[in-house]
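Going down the list, the protein sequences come from chains A and B. Residues in the first sequence are numbered consecutively from 1, following the working numbering. Residues in the second sequence are numbered consecutively from 1, following the working numbering.
Careful: at least some of the hints might be erroneous.
No copy is singled out in the list; a pair is fine if it fits within one copy or between any two copies.
[What the hints assert, rightly or not] Distance condition first, Cα-Cα at most 25 Å in a straight line; then the derived DMTMM-like pairs of lysine to aspartate or glutamate:
1. Lys188 x Asp166
2. Lys188 x Glu228
3. Lys282 x Glu227
4. Lys305 x Glu256
5. Lys205 x Glu227
6. Lys75 x Glu227
7. Lys191 x Glu154
8. Lys251 x Asp168
9. Lys217 x Glu92
10. Lys259 x Glu207
11. Lys205 x Asp89
12. Lys199 x Glu227
13. Lys205 x Glu228
14. Lys75 x Asp52
15. Lys165 x Glu118
16. Lys275 x Asp89
17. Lys78 x Asp94
18. Lys251 x Asp89
19. Lys191 x Asp76
20. Lys188 x Glu92
21. Lys275 x Asp216
22. Lys286 x Asp303
23. Lys217 x Asp303
24. Lys191 x Glu274
25. Lys188 x Glu274
26. Lys199 x Asp303
27. Lys74 x Glu274
28. Lys305 x Glu287
29. Lys199 x Asp298
These are computed hints drawn from the structure, not numbers from a lab.
Protein chains: 2
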Amino acid sequence: MSLLVVGTMAFDAIETPFGKSDRIIGGAATYIAYSASNFVTPIKQISVVGGDFPQQELDDLAARGVILEGVQIKKDEKSFFWSGRYHMDMNERDTLDTQLNVLANFNPIVPDSYQDCEFVMLGNGVPAIQHSVLKQMHNRPKLVVMDTMNFWMETAMADLENLLKDVDVLMVNDSEARQLSAQYSLVKAAKTILAMGPKYLVVKKGEHGALLFHGDKVFFAPALPLEEVFDPTGAGDTFAGGFMGHLASTKDISFENMKAAIIVGSAMASFCVEKFGTTRIKEITKEEINARIAQFVDLVQFDIKLV
Amino acid sequence: MSLLVVGTMAFDAIETPFGKSDRIIGGAATYIAYSASNFVTPIKQISVVGGDFPQQELDDLAARGVILEGVQIKKDEKSFFWSGRYHMDMNERDTLDTQLNVLANFNPIVPDSYQDCEFVMLGNGVPAIQHSVLKQMHNRPKLVVMDTMNFWMETAMADLENLLKDVDVLMVNDSEARQLSAQYSLVKAAKTILAMGPKYLVVKKGEHGALLFHGDKVFFAPALPLEEVFDPTGAGDTFAGGFMGHLASTKDISFENMKAAIIVGSAMASFCVEKFGTTRIKEITKEEINARIAQFVDLVQFDIKLV
Numbered sequence: 001m002s003l004l005v006v007g008t009m010a011f012d013a014i015e016t017p018f019g020k021s022d023r024i025i026g027g028a029a030t031y032i033a034y035s036a037s038n039f040v041t042p043i044k045q046i047s048v049v050g051g052d053f054p055q056q057e058l059d060d061l062a063a064r065g066v067i068l069e070g071v072q073i074k075k076d077e078k079s080f081f082w083s084g085r086y087h088m089d090m091n092e093r094d095t096l097d098t099q100l101n102v103l104a105n106f107n108p109i110v111p112d113s114y115q116d117c118e119f120v121m122l123g124n125g126v127p128a129i130q131h132s133v134l135k136q137m138h139n140r141p142k143l144v145v146m147d148t149m150n151f152w153m154e155t156a157m158a159d160l161e162n163l164l165k166d167v168d169v170l171m172v173n174d175s176e177a178r179q180l181s182a183q184y185s186l187v188k189a190a191k192t193i194l195a196m197g198p199k200y201l202v203v204k205k206g207e208h209g210a211l212l213f214h215g216d217k218v219f220f221a222p223a224l225p226l227e228e229v230f231d232p233t234g235a236g237d238t239f240a241g242g243f244m245g246h247l248a249s250t251k252d253i254s255f256e257n258m259k260a261a262i263i264v265g266s267a268m269a270s271f272c273v274e275k276f277g278t279t280r281i282k283e284i285t286k287e288e289i290n291a292r293i294a295q296f297v298d299l300v301q302f303d304i305k306l307v
Numbered sequence: 001m002s003l004l005v006v007g008t009m010a011f012d013a014i015e016t017p018f019g020k021s022d023r024i025i026g027g028a029a030t031y032i033a034y035s036a037s038n039f040v041t042p043i044k045q046i047s048v049v050g051g052d053f054p055q056q057e058l059d060d061l062a063a064r065g066v067i068l069e070g071v072q073i074k075k076d077e078k079s080f081f082w083s084g085r086y087h088m089d090m091n092e093r094d095t096l097d098t099q100l101n102v103l104a105n106f107n108p109i110v111p112d113s114y115q116d117c118e119f120v121m122l123g124n125g126v127p128a129i130q131h132s133v134l135k136q137m138h139n140r141p142k143l144v145v146m147d148t149m150n151f152w153m154e155t156a157m158a159d160l161e162n163l164l165k166d167v168d169v170l171m172v173n174d175s176e177a178r179q180l181s182a183q184y185s186l187v188k189a190a191k192t193i194l195a196m197g198p199k200y201l202v203v204k205k206g207e208h209g210a211l212l213f214h215g216d217k218v219f220f221a222p223a224l225p226l227e228e229v230f231d232p233t234g235a236g237d238t239f240a241g242g243f244m245g246h247l248a249s250t251k252d253i254s255f256e257n258m259k260a261a262i263i264v265g266s267a268m269a270s271f272c273v274e275k276f277g278t279t280r281i282k283e284i285t286k287e288e289i290n291a292r293i294a295q296f297v298d299l300v301q302f303d304i305k306l307v
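Input sequences plus hints: build the corresponding full structure.
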């Protein structure tokens, strides 16, 4: 079952309380693809990079089953660049620099060979561009999941609202859910957001886990308590990749299987934060992933007798 | 199996974004006793109140199996009073007023009839007073659990450190665990705190659930996502009451049963916040409690097949 991913492939420069990176590989679609490729292939990527994006990285992705036909390479331009700083509370970050470069005029084109994709992951980006990809699909995919962020709520809310009507799952963090719904209670926020279009809402809460809302149902997924969150960059995208990878590989989009998909996503995200950038998610093995998922099962397992 | 509880019985005045209370009944030992009495009796209470504390409230507690022989009534003095304000993020609060009154010279005396208590809950209070109660027990209880707060870390750290060597379980919130250990990571904080004496550490995280640490083991308990947290006052004490009530009634202090006890505590706390003060925890029934615990089971239940 093919998975279509649209999003940035970029450079990041990151500062955390534990260290500082040079310009390293980043981008939502990069993390999503690396993460999802542990569960499903091919992954059909849509993105844009400049002539400065390393061929080696494209080769690494291709070797993992990521199809790059939909990745535009603009030889004479530069890739998107983001620089940020995290503090001890890794749920907050300051943006130090953003250089749009190739993203400024990105017009995604869905190749014909991508039309068979039944699973679509719209990584965080301009809502109109996310929507454009979806509109280019001749048949309605089986499952469309989107990520977004506060910035688009402030600058492109009308486009975002239009897009929300056409997706199945919205995946945001807690502050984004509160901003989008204008509700502080996440239960009330979920009701408001589910009325805007998506049938499912995933609220990512970093070290506090994640919540899945669907109708009146709710699932509370744990996060693995870690000694150190070395670098949270890409953790949300890695989560999305694990979530989509599990759903696309099992071809089951029930609420019950989405719960399992959130656990898979959480397990993948727990690897991502252990090293800078994509380092850790490029090196993990299937055995490590299965062991980590088993840790999540242990983490929440309890037995209670009602008297 | 008798449960000994020491802590405040007091008056509170509370402001939240949803309303404001007059002077209402509060105090750590009050909440603990009301909560625990759903699971175990007798509860042998140690506290101090002034002549202004309503006889009706003492009668209500007695009717639920709470023994008040160890509660000193100082007719000519006033009960402890606390006033505070909560904001939308209910994990933070401002203290508006604190009047120690009877607490200023509280010298707890453990009655002979309390010597059979094998379970001891040291509610938040002056560490030396908590320790005094423990030292008056002729035999080492089967399980000693204590709560504390930042204030004692700043004003009575030496006493607190002495006490920590003599208890089995420390129960604090996340910011308190960080302050006590001088570690930001809760995993590292737990290692530091477990080296200070307690064999178990419970970290309460409000709407984000709770963590239980023991040796290298960790358990992640969810919180029930609620439409509204009406008043969080007493939620931590109500949690402690459910936790101790379950352990004392099952007489099983294994790690596995402590996980169940945390779920019971979390379920009780989820009731507490639904109305101002002790209103909700005085009215809930066994059927409501069992239904709420079943909701917690559903909330985290998932099934995943490793491939």
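Now the hints, each set against the structure:
no.: 1; hint: Lys188 x Asp166; result: within (22 Å within a copy, 44 Å between copies)
no.: 2; hint: Lys188 x Glu228; result: between (32 Å within a copy, 8 Å between copies)
no.: 3; hint: Lys282 x Glu227; result: within (21 Å within a copy, 40 Å between copies)
no.: 4; hint: Lys305 x Glu256; result: both (24 Å within a copy, 12 Å between copies)
no.: 5; hint: Lys205 x Glu227; result: both (17 Å within a copy, 17 Å between copies)
no.: 6; hint: Lys75 x Glu227; result: neither (42 Å within a copy, 52 Å between copies)
no.: 7; hint: Lys191 x Glu154; result: within (21 Å within a copy, 43 Å between copies)
no.: 8; hint: Lys251 x Asp168; result: within (15 Å within a copy, 48 Å between copies)
no.: 9; hint: Lys217 x Glu92; result: neither (29 Å within a copy, 28 Å between copies)
no.: 10; hint: Lys259 x Glu207; result: both (18 Å within a copy, 20 Å between copies)
no.: 11; hint: Lys205 x Asp89; result: both (12 Å within a copy, 15 Å between copies)
no.: 12; hint: Lys199 x Glu227; result: between (35 Å within a copy, 19 Å between copies)
no.: 13; hint: Lys205 x Glu228; result: both (16 Å within a copy, 18 Å between copies)
no.: 14; hint: Lys75 x Asp52; result: within (8 Å within a copy, 81 Å between copies)
no.: 15; hint: Lys165 x Glu118; result: within (18 Å within a copy, 59 Å between copies)
no.: 16; hint: Lys275 x Asp89; result: within (17 Å within a copy, 31 Å between copies)
no.: 17; hint: Lys78 x Asp94; result: within (23 Å within a copy, 50 Å between copies)
no.: 18; hint: Lys251 x Asp89; result: neither (37 Å within a copy, 39 Å between copies)
no.: 19; hint: Lys191 x Asp76; result: neither (47 Å within a copy, 53 Å between copies)
no.: 20; hint: Lys188 x Glu92; result: both (23 Å within a copy, 21 Å between copies)
no.: 21; hint: Lys275 x Asp216; result: between (38 Å within a copy, 22 Å between copies)
no.: 22; hint: Lys286 x Asp303; result: between (29 Å within a copy, 19 Å between copies)
no.: 23; hint: Lys217 x Asp303; result: both (22 Å within a copy, 16 Å between copies)
no.: 24; hint: Lys191 x Glu274; result: between (34 Å within a copy, 19 Å between copies)
no.: 25; hint: Lys188 x Glu274; result: between (34 Å within a copy, 15 Å between copies)
no.: 26; hint: Lys199 x Asp303; result: between (31 Å within a copy, 21 Å between copies)
no.: 27; hint: Lys74 x Glu274; result: neither (32 Å within a copy, 57 Å between copies)
no.: 28; hint: Lys305 x Glu287; result: between (34 Å within a copy, 14 Å between copies)
no.: 29; hint: Lys199 x Asp298; result: between (29 Å within a copy, 20 Å between copies)
Checked against the numbered hints above, the structure breaks hints 6, 9, 18, 19, 27 and satisfies the rest.
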